[in-house]
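Residue numbers (this note's numbering), protein chains in the order written: chain A, 1 to 252; chain B, 1 to 252.
FYI, nobody ran anything at the bench for these hints, they're computed from the structure.
One or more hints might be untrue.
In this list, chains with the same sequence are indistinguishable; a pair is considered to hold if it fits within one copy or across any two.
Claimed, not checked - Below, in silico cross-link-like pairs of lysine to any residue (SDA-like), each with a Cα-Cα straight-line distance of 20 Å or less: (1) Lys223 - Asp172; (2) Lys216 - Leu95; (3) Lys216 - Asp172; (4) Lys216 - Met152; (5) Lys220 - Ser175; (6) Lys216 - Ser175; (7) Lys83 - Arg157; (8) Lys216 - Ser200; (9) Lys216 - Glu178; (10) Lys160 - Glu84; (11) Lys216 - Gly177; (12) Lys45 - Ser91; (13) Lys124 - Ser200; (14) Lys220 - Leu36; (15) Lys160 - Ser175; (16) Lys64 - Asn89; (17) Lys83 - Leu93; (18) Lys160 - Gly245; (19) Lys216 - Thr197; (20) Lys223 - Ser175.
Here the structure is a predicted model, which means the values were calculated and not measured.
There are 2 protein chains.
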Amino acid sequence: MNGNQNIFDDPDFFEGYLDLRSGRNFNDLLEQPAILSLLPDITGKNVLDIGCGYGINCLQFAQKAEKVVGIDISRRMLNVAMKENSDHNISYLQLAMEDLDRLTGPFDLIFSSLAFHYALDFGKLIEDCARLLAPGGILLFSQEHPMTTAAMNTDHRYVKDENGNCFFKVADYQSEGERHVRWFVDDVIHQHRKISTIVSTLCHNGFVITDCVEPKPDRKAIKQLPALARDLIKPSFIIFRARKGDNHADNT
Amino acid sequence: MNGNQNIFDDPDFFEGYLDLRSGRNFNDLLEQPAILSLLPDITGKNVLDIGCGYGINCLQFAQKAEKVVGIDISRRMLNVAMKENSDHNISYLQLAMEDLDRLTGPFDLIFSSLAFHYALDFGKLIEDCARLLAPGGILLFSQEHPMTTAAMNTDHRYVKDENGNCFFKVADYQSEGERHVRWFVDDVIHQHRKISTIVSTLCHNGFVITDCVEPKPDRKAIKQLPALARDLIKPSFIIFRARKGDNHADNT
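Just chain A, with the same shape it has in the complex (with noise of 0.2 Å):
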């Protein structure tokens, strides 16, 4: 799919991120909870989900929408989304998110769970999406926060200092770009991108925003799952939830 990464269908990779999936763990405790809080209604609606993975959101979606689209570019991630999460009203789609001009709308919610930190053109990938919402459709994201993809090196990012204090390391973050994280496999490649970015090309491309999270965990999560006391020093994810105007001059 056009050189695109695709780090899902590495078999050791998938093999570990099953794993982290499966389990208590960051995304299911605290990334998850704030953006389903965010969701509109969608009884009876059109939703895309990009880089959908094995579609669990996709299937809580088919309760209540007319029709969910899954994206995603890997056909692992696809194959277990089909024979785990499959419904009547779902259509899986092998379909990197830089091709989502091959897709027609209009939707009325896209929604994206970590995987907009891939993005090759995020100004192509917010253009697309207001293309494809229905006026006063629902773009619904979560990214991995800029604060922690800001650093070119990645080794020992939390650090405690002389008096037992931990904190977190940022660097580079105004260098806009490539970064290579260490996840399962070596040399995951994320893509940097400042908050100002996210903002002002939402807002440059029609769209309202109307709503943004860093998610902060809460006592009874770090009590199931005592390493998200790091995101108390800062947030693994930012999540935005921004409304397709009715005409570019709402953005003026």
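Position chain B against the provided structure of chain A, taking the given hints into account.
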């Protein structure tokens, strides 16, 4: 004035501050060009400058605007403003940003440079700005970047690792509230707020965000003031430009 913090009337602080503002500094080379690039056309308009300091921006605005109101908590600041930066269409007023209910609008532009990180109640401040703006009016403000205000311990925040790479220490990001900062005099109090709090507070008060900037120093600026290179590691400032929506339905 309500017991609000007024460091600017501390004589030691004030001398150091005058000195800082007079030279080539982060504000002149980084924050001011960025915020002024987002200024709307103010020809014949009414402008409010919150935390106007000694009135440099007010005097600039007065060349085109119909009327400029500059408010500041500090009598010393306003004395300089009235002496050095007066014009027939500028009114300077000693007023804390916590007391905006004493003003009557409507204004076409509310401008604020590097003051909102002192606001005790950001929700009330934004609510007041929405009330004081005409429909379609613009709120344009800069403040310290939340990455900058995050850590409770502000000692030695720029650090070099064993490879000589410089990074910035972020901590306590999820804990909003007072931060005691050393700045000329000890114990200047800033208010740390998450980016998501700033964005959501704007959205939930009927503002349509139209731009966000985290200013990045260019080569020329770094040549004039080498310390600006720090801002390649992480931004010192964040700037938002938002339009007051015609009605609250704009933001649902």
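A quick look at each hint next to the structure:
no. : hint            : result
1   : Lys223 - Asp172 : between (33 Å within a copy, 19 Å between copies)
2   : Lys216 - Leu95  : neither (32 Å within a copy, 35 Å between copies)
3   : Lys216 - Asp172 : between (24 Å within a copy, 11 Å between copies)
4   : Lys216 - Met152 : between (25 Å within a copy, 17 Å between copies)
5   : Lys220 - Ser175 : between (37 Å within a copy, 17 Å between copies)
6   : Lys216 - Ser175 : between (26 Å within a copy, 9 Å between copies)
7   : Lys83 - Arg157  : neither (38 Å within a copy, 50 Å between copies)
8   : Lys216 - Ser200 : between (24 Å within a copy, 15 Å between copies)
9   : Lys216 - Glu178 : between (27 Å within a copy, 18 Å between copies)
10  : Lys160 - Glu84  : neither (43 Å within a copy, 49 Å between copies)
11  : Lys216 - Gly177 : between (26 Å within a copy, 15 Å between copies)
12  : Lys45 - Ser91   : within (14 Å within a copy, 54 Å between copies)
13  : Lys124 - Ser200 : within (13 Å within a copy, 25 Å between copies)
14  : Lys220 - Leu36  : within (18 Å within a copy, 45 Å between copies)
15  : Lys160 - Ser175 : between (26 Å within a copy, 18 Å between copies)
16  : Lys64 - Asn89   : within (10 Å within a copy, 59 Å between copies)
17  : Lys83 - Leu93   : within (14 Å within a copy, 69 Å between copies)
18  : Lys160 - Gly245 : neither (46 Å within a copy, 45 Å between copies)
19  : Lys216 - Thr197 : between (23 Å within a copy, 12 Å between copies)
20  : Lys223 - Ser175 : between (36 Å within a copy, 19 Å between copies)
In summary, the numbered hints that this structure violates are 2, 7, 10, 18.
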